[in-house]
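Enquirer: If you want the building blocks of each chain, they are given just below.
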Amino acid sequence: MALPISKTKALLEWKLYLFIVPSMVLVATFSYYPTISAIYHSFFLWGGGDTKEFVGLKNFTDILNDKVFWTSFITIGILVIANIFRMIPSIFLAVLIHRLKSDRWQYWYRVLLVVPMIVPGLVTLFIWKFFFDPNLGVLNAALDASHLKVMLVHLDKFFGWGVFFEGVPTAWLGEPALIIPALIIWGFPWIGAVGVLIFLAGLQSIGAEIYEAADLDGVTSLQKFLHIEFPLIMTQVRLSMVLMLIGTLQGYGLQFLLLGPDGGAGGRGMVPGLWMFNRAFIAGEFGYACALGLFLFVFILGLTWINNKFVKVDK
Amino acid sequence: MNTPPAKPLRKTNDLSKHIMIWAILALELLPFYMMIQISLKTNKMFFENTWLPALPQDWVWKNYVDAFHLVIPFVANSVVVAVTATIGALFFSLLGAYFFARYKMPGGNALWAAFLLIMLLPGVANIVTLFALLQSFNLLNTLWALIILGVAGGQVFCIYVLRNFIEELPKDLFEAAEMDGASHLKQLMHIVIPMSGPIIGTLAILQFLGSWNDFLLPLVVLRDPQLFTIGVGLIYLDGEYVKQWGSVMAAFFVASLPLLIIFLFTMKLFVRGLSSGAVKG
Amino acid sequence: MRERILNGIGIGLLAICFVVALGRILWPKERGSTGEDVVTIRIAHWQLETGVREALEAMAREYEKLHPDVRIQQIPIPERIYTNWLITQLIGGTAPDIIQIGIGMTEERIARFFVPITELVEQPNPYNKGTALEEVPMRNTFFDGMQGGYQENLLEYYSVPLSGTSIRVYYNLELLKEITGSDKLPTSYREFIDLCKTTAAFAKANKRTIVPIAGSKYNGPLLMSALFSSQTQKLMDKLSPTGVLLSDSALTAEWFAENKWTPNSPEVLSGLKLMREVSEFLSPGFMQLQRDDATFYFVQGRSLMICSGSWDSTSIQSQAPFAVGVGRIPFPTPDDPIYGPFTKGRISEAGTLSAVNFGLVRSSANPAIAQDFLLFLGSQPANRVWTNVSRWIPSVVGVEPHPAAAPFQPLMDGYAPGFPLPNQADAARVYNTNINDLFGPEGSPQKFADRLAEGLLEAQKSDLARIIRSTSMNSKRRDTVVASLAVQQAKDPGNTQLAEKLDEALQSIASIERGYYLNKAALRATETAAANP
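Residue numbers (our numbering), protein chains in the order written: chain A, 1 to 315; chain B, 316 to 596; chain C, 597 to 1129.
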């Protein structure tokens, strides 16, 4: 805790205020001001430069009629649910490593985990984009070699998807129906080094005696997980989930890189953030983009508030 | 009483775990293996032999020569931006965190709330108005814009983490220094910094990574190809019509080199810092 | 301890990188002259195809020889991010001096950000001195009269074109010889389809993966829509009372609404049948593939042919390890047993416009010099450099195309094309959602025609409404121009230039209004048809 300080001493220590000035100035200029400006400009038709025209709520009524925007919410919803599932491998791996008896191995695995971080996320994404390529497709080659492709073709005939055909290279990013699956699959096996390390740190607090007691009681692995480990890393899981939620909802970098600013074939990969970027920097409608951003902002804020209100954590 | 069989059973249990871990890690590292093995082939060689690396005598070193020419400018720009932004961010946030952690100064709570608010505010629409802001400062098409924004963006998170950390430091150290007449700056330099090695290291790496991976802001701000950072540069490479995948993969590798250097030498620091800092969070 | 040393080395290495990188940025190698006053002119485009960047560099060096105090810097930007790059640059005020006009351009943006060069091009080009074009007004020095650089709705010339374009079919001559024993290219559709069938049989017999035509979302429709319009040639003659030579989307829409043609008309069905027949020889799943996928396929020797524009010629020829033959799109001849009855004959390329257009940006810091460079780019000597280095077709009259570009020169013999299927936004959506009914394994021309018959009318309504809105806005914009010209003319009756301008302005309003009324009539007919099915 910071030390309490009397008013008189505080006056003497006035120079300490200088310490915070640069940060405040930076944050005020580059974080607060843009947000307020965005709120302000969402009531205008704004071309981005000096030309703007006040139109009141027109941008917002346009949003109500904007089919692309609402469809993008469905897409992002699917991605959020998918991302929840994508957290599972990290937790699984953390538990696996944690349960190892040898500390040395644990250490080495933690180091190995950091290795993927050496390659910048961008490069990983581009390598995956290369995997998705229909002709050079490493993914397609793998599916063919493991005979999964044949199974997919059969499933396709059964369900009538119309995307997997024998002898036809599957265009993961080119076929509208496959775009969302591609967005979900990428990065398999979905391990995030930072995530696993954080979960591991949380698991450290579980003492060996608890495990011994559990073994004595004949508790199975699964029960150990559900009753001992998972509750104790709840804080980290919750934190990760909230961060993931906010990140996914407002994120569009992934879609931009894999699919382009139009959301790919048939616009199926369009997410709210990307639509906002599109409206501003491709259609040149900066005011409308601000309104879209404002809408997203309120939406995410609302979700965070709900999360804080109803999902309480006891430390 | 039945005692469960001790060591033999545990050994086999661990083996299955090891196998699973290795399987997962192998899949995770697959893209990088592919990157490296393709970077030494021509398109034709890759076509004929997709999975296995080429033989050493067939390695196409020309790919790396091409990659260097392509990518080094981008890497250089990224290095400058990332290093400067990291140093700047850490410097200012150390000052700021010290302010909050040292004393409960009047008005401190209000300021802290203001900071926290930023963490909660999703800055989705900011890029639009940031663009206009940068334009009015005449900072468009400069690397300074990226650096300043990197510094500003990193403030909140770094101050949050550093504040928690500094508050945990024993107060007597500070009081002793104060009685010796040390100014706050000296206290910061001689007490806080030496003791926060790991956490500063971790924050530095995270900040560096964030700056390195950023591409949306540079895309919007930069005009001249010679200023492009690695993010935009890779998009640029991706936009070529017919790609020599060998050179492209080599370029990816070169783009990862600075990070490779950092991690190779500071890995333990990072791992430790993350584990210790995380428990506080 | 060891850790500290390692950490130290790591940080040390990083510091070295940093210093080196910083050095590169602060002291870039200055190309160009000795003086301090070097003016840099920047030119941006999206043509990343092989040969173009080199050609522009060559032209830039020539210019720099003439003007040692100027340095030209080329900024190539990939197509995919071109639009948002463009917008941020134009709005942010950091735009280059010369920008290629095309992708991401609306008339709004052109009018707002670019300088009209009409007056400039009415004069002879000073860089044409010493050539046969010395006295010729610049706009007549281009093979299409500089129509490619003309913005109809804005009434002005805005850009200087560097190249011509045409669409051809590229052949893998080695493979062709292997399959047919000769390297004679097919000239008619019948020969073409027979070649496709032979190729498919060859591939099957020898167990090799060879696709007759490399296809993609881009290459496939390029070929098929050209062939489609061969089937509606006679129909267009029949329907058009005034013998309209080039199809007009408003007229097509009106005829559709009045049931003068439907997707089930024999001509249209024949066209769809033609498309489907060709599609069976395209790469499987071609609608999901991209342009570079098809090119890659072709240069890897896995397909016999590919249809693409002249703009891909240098890329394809430089990457293919085999000899490449270039042939015209094989149209059906009037004596073709199946497709002959509806066609008049091969389609002429007389109507093609020049391309690779560069416009002058208003916010340029050095407008005079930028303008001068632009003039240079459009001159005959520069265009010669262009075609020789890029191997693309020249745009200026009197320039001999590079031998590799010669097969791409637009061929004038032939007839006007028939009308295409309506292709504005909403109509395009109708196709794309139903395209599997034409090309898919279970598809057929009839199925697709039925889908079109269901959805096209509604799509036409919204498309036409949109066109009408924008034409009326255009003509309103024109009103201010005309009004101001009229006022000036009234004050200065003797000024013949003004009088000519006013004349032109009135003519263009007339043409915009003609478009407006045509589309309105079409919309009325469409609404009536929709109301009374």
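Hints listed in this document are in silico derivations from the structure and should not be mistaken for laboratory results. Just to be clear, a hint being listed does not mean it is correct.
[What the hints assert, rightly or not] Below, simulated DSS-like cross-link-like pairs (lysine-lysine); rule was C-alpha separation at most 30 Å, straight line:
| hint | chain 1 | residue 1 | chain 2 | residue 2 |
| --- | --- | --- | --- | --- |
| 1 | B | Lys332 | A | Lys224 |
| 2 | A | Lys9 | B | Lys332 |
| 3 | A | Lys149 | C | Lys803 |
| 4 | C | Lys780 | B | Lys359 |
| 5 | C | Lys940 | C | Lys856 |
| 6 | A | Lys157 | C | Lys1116 |
| 7 | B | Lys501 | A | Lys9 |
| 8 | C | Lys803 | C | Lys813 |
| 9 | C | Lys725 | A | Lys67 |
| 10 | C | Lys793 | B | Lys359 |
| 11 | A | Lys157 | C | Lys1072 |
| 12 | B | Lys419 | A | Lys15 |
| 13 | C | Lys803 | C | Lys725 |
| 14 | B | Lys558 | C | Lys773 |
| 15 | B | Lys558 | A | Lys7 |
| 16 | C | Lys830 | C | Lys773 |
| 17 | B | Lys359 | C | Lys773 |
| 18 | C | Lys793 | C | Lys780 |
| 19 | C | Lys830 | C | Lys793 |
| 20 | B | Lys486 | A | Lys15 |
| 21 | B | Lys558 | A | Lys129 |
| 22 | A | Lys149 | C | Lys793 |
| 23 | C | Lys661 | A | Lys52 |
| 24 | C | Lys834 | C | Lys1057 |
| 25 | C | Lys1087 | C | Lys1116 |
| 26 | B | Lys501 | A | Lys101 |
[To be verified] With the C-beta cut set under 8 Å, the calculated list includes, among others, these residues of chain A facing chain C:
| hint | residue |
| --- | --- |
| 27 | Phe43 |
| 28 | Phe44 |
| 29 | Gly47 |
| 30 | Gly48 |
| 31 | Pro134 |
| 32 | Val168 |
| 33 | Ala171 |
| 34 | Gly174 |
| 35 | Ala177 |
| 36 | Gly218 |
| 37 | Thr220 |
| 38 | Leu222 |
| 39 | Gly260 |
| 40 | Gly284 |
Glycine included, C-beta positions come from ideal geometry on N, C-alpha and C.
Enquirer: Under the criterion of a CB-CB separation shorter than 8 Å, is glycine 284 of chain A in contact with chain C as hinted?
Expert: holds (5 Å)
Enquirer: Would the hint on glycine 47 of chain A be counted as holding, given a Cβ-Cβ threshold of 8 Å to chain C?
Expert: holds (7 Å)
Enquirer: With the threshold set at 30 Å, check whether the alpha-carbon distance from lysine 803 of chain C to lysine 813 of chain C stays at or below it.
Expert: Given pair lysine 803 of chain C, lysine 813 of chain C holds - Cα atoms ~27 Å apart, limit 30 Å.
Enquirer: Check whether the Cα positions of lysine 419 of chain B and lysine 15 of chain A lie no farther apart than 30 Å.
Expert: The hint holds at about 14 Å.
Enquirer: Does glycine 260 of chain A pass the interface check with chain C, least Cβ-Cβ distance below 8 Å?
Expert: Holds - the Cβ of glycine 260 of chain A comes within 8 Å of chain C, reaching about 5 Å at its closest.
Enquirer: Against the 30 Å threshold, does the CA-CA distance of lysine 157 of chain A and lysine 1072 of chain C hold or violate the hint?
Expert: Violated, at roughly 55 Å.
Enquirer: Quickly compare the C-alpha distance for lysine 558 of chain B and lysine 7 of chain A to 30 Å and report which way the hint goes.
Expert: Since the Cα atoms of lysine 558 of chain B and lysine 7 of chain A sit roughly 67 Å apart, the hinted pair is violated (cutoff 30 Å).
Enquirer: Against chain C, run the beta carbon of glycine 48 of chain A and see if the smallest gap drops under 8 Å.
Expert: OK, holds: glycine 48 of chain A within 8 Å of chain C, min 4 Å.
Enquirer: Just to be careful, I want the Cα atoms of lysine 780 of chain C and lysine 359 of chain B compared with a cutoff of 30 Å; is the pair within it?
Expert: holds (28 Å)
Enquirer: Need the status of pair lysine 501 of chain B, lysine 9 of chain A: alpha-carbon distance at most 30 Å?
Expert: Satisfied, since the Cα-Cα distance of roughly 19 Å is no more than 30 Å.
Enquirer: Given the hint that lysine 793 of chain C pairs with lysine 359 of chain B, does the C-alpha gap stay at or below 30 Å?
Expert: Within the cut-off at roughly 28 Å; holds.
Enquirer: Straight-line Cα separation of lysine 830 of chain C and lysine 793 of chain C no greater than 30 Å?
Expert: holds (28 Å)
The earlier numbered hints that this structure contradicts are 2, 6, 9, 11, 13, 15, 16, 23, 25, 26, 27, 28, 35, 36, 37 and 38.
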